[in-house]
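Visitor: The whole structure should be built from the sequences, with the hints applied where relevant.
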Amino acid sequence: MAAGTAGPGSRSRHQMSVDHPPFVHDENATIQVGGELVTATLGSVEKPFAKITPRSGAVTIDLSQLRAFDTGGAWMIADLKTRLGDGGASVSVQGAKPAYAALLANVEEAIPESDEDPEAVQGITAALDRFGRRVVEVQNTLISFNGFLGETLVRIFGLVLRPWRLRWASLVTHMQDAGLNAIPIIALMGFLIGIVLAFQGATQLQRFGAEVFVVELISISVLRELGILLTAIIVAGRSGSAFTASVGSMKVQEEIDAMRTLGLDPIEVLVVPRVLALVIVLPILGFVANICGLFGGALMSWIDLGVSPGMFLTRLYENTGVWHLAIGMIKAPFFAVVIGVVACWQAFQVRGSSTSVGQRTTASVVLGIFLVIVLDALFSIFFAQLGI
Numbered sequence: 001m002a003a004g005t006a007g008p009g010s011r012s013r014h015q016m017s018v019d020h021p022p023f024v025h026d027e028n029a030t031i032q033v034g035g036e037l038v039t040a041t042l043g044s045v046e047k048p049f050a051k052i053t054p055r056s057g058a059v060t061i062d063l064s065q066l067r068a069f070d071t072g073g074a075w076m077i078a079d080l081k082t083r084l085g086d087g088g089a090s091v092s093v094q095g096a097k098p099a100y101a102a103l104l105a106n107v108e109e110a111i112p113e114s115d116e117d118p119e120a121v122q123g124i125t126a127a128l129d130r131f132g133r134r135v136v137e138v139q140n141t142l143i144s145f146n147g148f149l150g151e152t153l154v155r156i157f158g159l160v161l162r163p164w165r166l167r168w169a170s171l172v173t174h175m176q177d178a179g180l181n182a183i184p185i186i187a188l189m190g191f192l193i194g195i196v197l198a199f200q201g202a203t204q205l206q207r208f209g210a211e212v213f214v215v216e217l218i219s220i221s222v223l224r225e226l227g228i229l230l231t232a233i234i235v236a237g238r239s240g241s242a243f244t245a246s247v248g249s250m251k252v253q254e255e256i257d258a259m260r261t262l263g264l265d266p267i268e269v270l271v272v273p274r275v276l277a278l279v280i281v282l283p284i285l286g287f288v289a290n291i292c293g294l295f296g297g298a299l300m301s302w303i304d305l306g307v308s309p310g311m312f313l314t315r316l317y318e319n320t321g322v323w324h325l326a327i328g329m330i331k332a333p334f335f336a337v338v339i340g341v342v343a344c345w346q347a348f349q350v351r352g353s354s355t356s357v358g359q360r361t362t363a364s365v366v367l368g369i370f371l372v373i374v375l376d377a378l379f380s381i382f383f384a385q386l387g388i
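Per the UniProt record's numbering, the very first residue in the sequence shown carries number 1; after that it's consecutive.
In case anyone wonders, no lab produced these hints; they're calculated from the structure. Small disclaimer: the values here were computed from a predicted structure and weren't measured. Virtual Cβ for every residue (Gly too), placed ideally from N, Cα, C. Take every hint as true, because none was put in to throw you off.
Distance ranges between label pairs, derived from CB positions:
id	residue 1	residue 2	range
1	Ser353	Ala101	22 to 30 Å
2	Ser92	Gly43	26 to 34 Å
3	Glu108	Ala40	16 to 24 Å
4	Thr362	Lys51	42 to 50 Å
5	Val160	Leu205	47 to 55 Å
6	Ala40	Pro98	18 to 26 Å
7	Ser92	Pro333	50 to 58 Å
8	Ala101	Gly43	20 to 28 Å
9	Gly72	Val269	39 to 47 Å
10	Gln139	Val252	26 to 34 Å
11	Val135	Arg260	31 to 39 Å
12	Gly72	Ser353	21 to 29 Å
13	Gly88	Leu378	44 to 52 Å
Guide: Right under this line is the structure:
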């Protein structure tokens, strides 16, 4: 049954010269569209297109009678396909000339995806649907991240055989940005953490007359866990976001594509220097945080508990093993690799807009901090099993 046919009488004055007016015939399983379906004639077929109702089953859109076709017409066909598909139909297009088919494909790719779920399912079905989508997203994310991590490690290990390919100027620049410039905030963070540990620990230990053990509390907590962990979190938020924003902006401006055109490897040029810079400076920053944390804890212990600096140092040397410091330093390079690779990987996921840069920068910080905490937990379990 025909939904409607646009005749000459429905055309506006400037459309009277059209040799082949557009028409639409709806025969349920087949929808035939023909004539000159261009922007200037869309008004004459707007109502017939709107009368086509969603349906189930196989539906064929026949474009063999098209005489002219432009972006406006392609958008109308794409919108029709979307409406029919939302109704449960399996839609196919046939009879279109190659140029028309290519134009339709380009328009369909340019139409943004709707944020709404096409099927508003409820109850257990909706929960299973969301769960399945998340599983697929996580799987694709893991595959993409593992591939990027592998590429980065291959380039880094390749520099062992060809060290002259390392971009030393870029490495030193990133070491300064991520390391030297971060020392003030890292030192302040460590100092305050030491003060907080001493103050909170003293409050509890005073109940048992064990104030002197605050030294072990501060030293083990700072050297083994808090110093390097909080340093890594700050670096993930500070340097990780900077890496994602800078490389992501290059992706938007197609500078990375230009590098490939010039025969340059973007991972070797952009990623490797940043990751290596973090691997070098993060242990140093962690050590600075440790020293400042111990200093803050010693100062607070002296003021609040009367533990002199001499007594603090004596108990520190006698009761705090060097392994506590070593464990924190062992974690640092692994944290650095995770932060650097995640930041650069998110930058390479940017897609053509400043909005995407902001989204990926946020994702970089969140994912980087999350993975650092997960990795720290795994290290804690590992060292506990070793009895260290």
